[in-house]
Structures are given as C-alpha cells and as structure tokens.
Amino acid sequence: MSRPARRLALPLMLLLTAACAKNDLSDPPADLGDFVLGHNIVVADKMQKVPISREATVEEWEAAMKKAVDDRFGRYEGKRIYNIGISVDAYALAPPGVPVVLSPKSVLAITANVWDDAKQKKLNAEGKKMTIFENLDGDSVVGSGLTKTREQQMAALSFNAARAVEKWFLDNPEWFDLPAKGKKPKTGDAAAAEDTGAEGK
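Read left to right, the sequence shown gives residues -21 to -1, 1 to 180 (mature numbering (1 follows the signal peptide of the UniProt record, and there is no 0)).
By construction, these hints were calculated from the structure, which means they are not laboratory data. Note that the structure is predicted; figures quoted are calculated from it, not measured. It is possible that part of the hints are untrue.
Mimicking EDC-like on lysine to aspartate or glutamate, the simulated pairs with C-alpha atoms at most 20 Å apart in a straight line are [what the hints assert, rightly or not]:
1. LYS25 with GLU41
2. LYS127 with GLU34
3. LYS127 with GLU39
4. LYS28 with GLU38
5. LYS58 with ASP13
Label-pair ranges, simulated between beta-carbon atoms [what the hints assert, rightly or not]:
6. PRO30 with LEU149: 33 to 43 Å
7. GLU39 with GLU153: 27 to 37 Å
8. GLY12 with THR36: 32 to 42 Å
9. ILE31 with GLN99: 37 to 47 Å
10. LYS160 with PRO8: 15 to 25 Å
11. LYS100 with LYS146: 15 to 25 Å
Idealized CB from N, CA, C, for every residue including glycine.
Take the sequences, apply the hints, and build the full model.
Put into structure tokens, the structure is as follows:
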C-alpha cells in the first residue's frame, strides 16, 4: 500500500469522537488581513484510493475541492492576492453494505500550499499535509455509506478540508501581515512613541 493510502488506512477503521461542525459559511469570514483569493489550484491525478471505498474520479475530486475552496475563500474581499494549491493525495468514501460493527468513515488526505501573488513567493516551506475526517453525526456514526451518497461524502470532506486550510492560515498570521499569535498590534500612540525613540538615538 502506498504512503498516502497508509495515512488513511488506520483512521478509516476507527470511530471518530469529533463533534458535529456547523456550516459556518454564512458567518463573517475570519480575519486574514487584506486577503483575496487568486488562483484556486487543485490536482488529484496522483491520488490513491483506500481498498474499502467507493469510487471517485480525479475530475470529481478536483471539482469538489475547488468548489469548497471557492466557497470559503471567495468570501474575502481584500486587495492582496494569495494563490492556494491543494493536492488530493488519498481518499476513502465509506461504502454501503459494510457490517455496522466496522462502521468505516470517509477520510481525505491532502497537501496544501499558499503563495503571495505579488511577491511571487511560496509562504510555507513545505506542503502542509492534512488528514480530514467527516463529522460525527447521527448519519455517519453508523457509517455514512449507509446514509449518504458518495457526492455528499465528497462535498462534506472537501468542506472540512477547506476549513482546515483556513485554520492553518489563521495559525500563521504573519503570512498575511497580521500580529503573531498572542501579540496585539501597536496602537497609534505606541507606534508614535517608538518612532520618537528611534529619532532620538
């Protein structure tokens, strides 16, 4: 079994304990400074399918992931362009007809990258690898293969993946010229005092 598929094989068979996550796209977007989405690049031509899974094509995964990225990051209306690139590495879509005792879950493995368009610079040194699970709810707890279509599973995983990418961005505020976590931006008075001190040297 390939490395991307191995990233999913064990989690696929475990019961998830994550709480349900609501659709937050109607809420105001998180603070990413002057962010606006530029290129939305998704590739899935090298993805691996875990053996216990429904089938999904490269084109289907690319379309689902692109839509999720556009839905989440297309809400930002800044003027500084950032390009997002995502590779779909491996997936498992829980199939129907599997014994409930196994209750396999749908899982997605991706690698994400982000570029500052104006600087023509990649902001993360290495691709960020993420393993994305479906939410635990009344349907998926018995295996979403019994209650959801594969299209619904792909949409849910892509939604969670785009949200995970946004959280990753929020964990790296310096990429967006925001204060580092735990630090507050300087007020006008503080900035003025700092400038005065510099002039007096």
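### Contradicted hints - numbers only
As far as the earlier hints go, not one is violated by this structure.
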